[in-house]
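Q: Chains A and B supply the protein sequences, listed in that same order. Residue numbering for the first sequence follows this note's numbering, starting at 1 and increasing by one per position. Residue numbering for the second sequence follows this note's numbering, starting at 1 and increasing by one per position.
Honestly, I wouldn't trust all of these hints.
[As the list claims (entries may be wrong)] Below, a list of computed lysine-lysine pairs in the DSSO-like style, where the Cα atoms sit at most 30 angstroms apart:
1) Lys22(B) <-> Lys38(A)
2) Lys5(A) <-> Lys57(B)
3) Lys96(B) <-> Lys5(A)
4) Lys57(B) <-> Lys13(B)
To be clear, the hints were calculated from the coordinates, so they are not data collected in a lab.
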Amino acid sequence: DQQVKQNSPSLSVQEGRISILNCDYTNSMFDYFLWYKKYPAEGPTFLISISSIKDKNEDGRFTVFLNKSAKHLSLHIVPSQPGDSAVYFCAASDPRTGTASKLTFGTGTRLQVTL
Amino acid sequence: AAGVIQSPRHLIKEKRETATLKCYPIPRHDTVYWYQQGPGQDPQFLISFYEKMQSDKGSIPDRFSAQQFSDYHSELNMSSLELGDSALYFCASSSKKLRLAGTNEQFFGPGTRLTVL
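Extracted from the complex, chain B is given alone in its bound form:
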């Protein structure tokens, strides 16, 4: 079965550079979530989109922005990168159909490891 695809898998950037992470949800999933996992930490919610509209916002810095496109893929744009932005960035997807059925499983991609030097 098709899973969540994230690209790139690894990214190395210098301080103050920009980065764009991409996420392709499971087919027919209309909801995308972004999470950040620092070393030795639990995943922290950043932002989510449902049907191309922002749904919820977590601890996402103002330097970051994201959007969901008409084909439901999402991009996380990160500017003025700082050393502390080095982390694993996970995208997850789900669907309203699943939520209406009473479940809230989110299916995660393999993550993008961002290293800021």
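So that you can see chain A by itself, here it is in the shape it has in the complex:
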């Protein structure tokens, strides 16, 4: 049962343009959402997060939007750079899962930023 879904396994964007990565979830108890970036043979690197009490969070070139009613979030990268090429994972946490809330990950989207 995939509670966090990233329906686009891959995305190709030209350098300088906007990259939009999407994520849908089914568990309405998720209250915190994160985006991680992962290069091959490395661990996921935290990018940006958003609490369910907000609908937008911005950090430099990265903005995350949350639509709770649609159970949908998206990551916008503007402008996209070749170094952004990586696999991006959406993750969510449910506060009911104990003192140390585990993360439930999406299946990932491979972003390729072309010159």
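Use these hints to put chain B onto chain A, whose structure you have.
A: Only chain B this time, still in chain A's reference frame:
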């Protein structure tokens, strides 16, 4: 800044052998998580510890056990290894202080690639 340290980075074992993976969290982090990522899959939660006590348990086989020690490092012990255990094993750390501040960022180590032959 210090990051999460995992050792070894690579491990090759035969079927039915045992393996021990180690994780050293970011200093002053009191919470450790273990995740398993199979080829082409998303990371799957295995188990977590807060202040040396098990906090949550995911899809961790009975052949695996883990613990967190007084210095907050954690070890994942895997016995009777099977071919299907071949995967990347990530450790992540966080702190209760961060969670009380309303965030749940988990910081990941570089992973241990386990290959079972």
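Q: Would you list, in rising numerical order, the hints stated earlier that this structure does not obey?
A: Those not satisfied: there are none.
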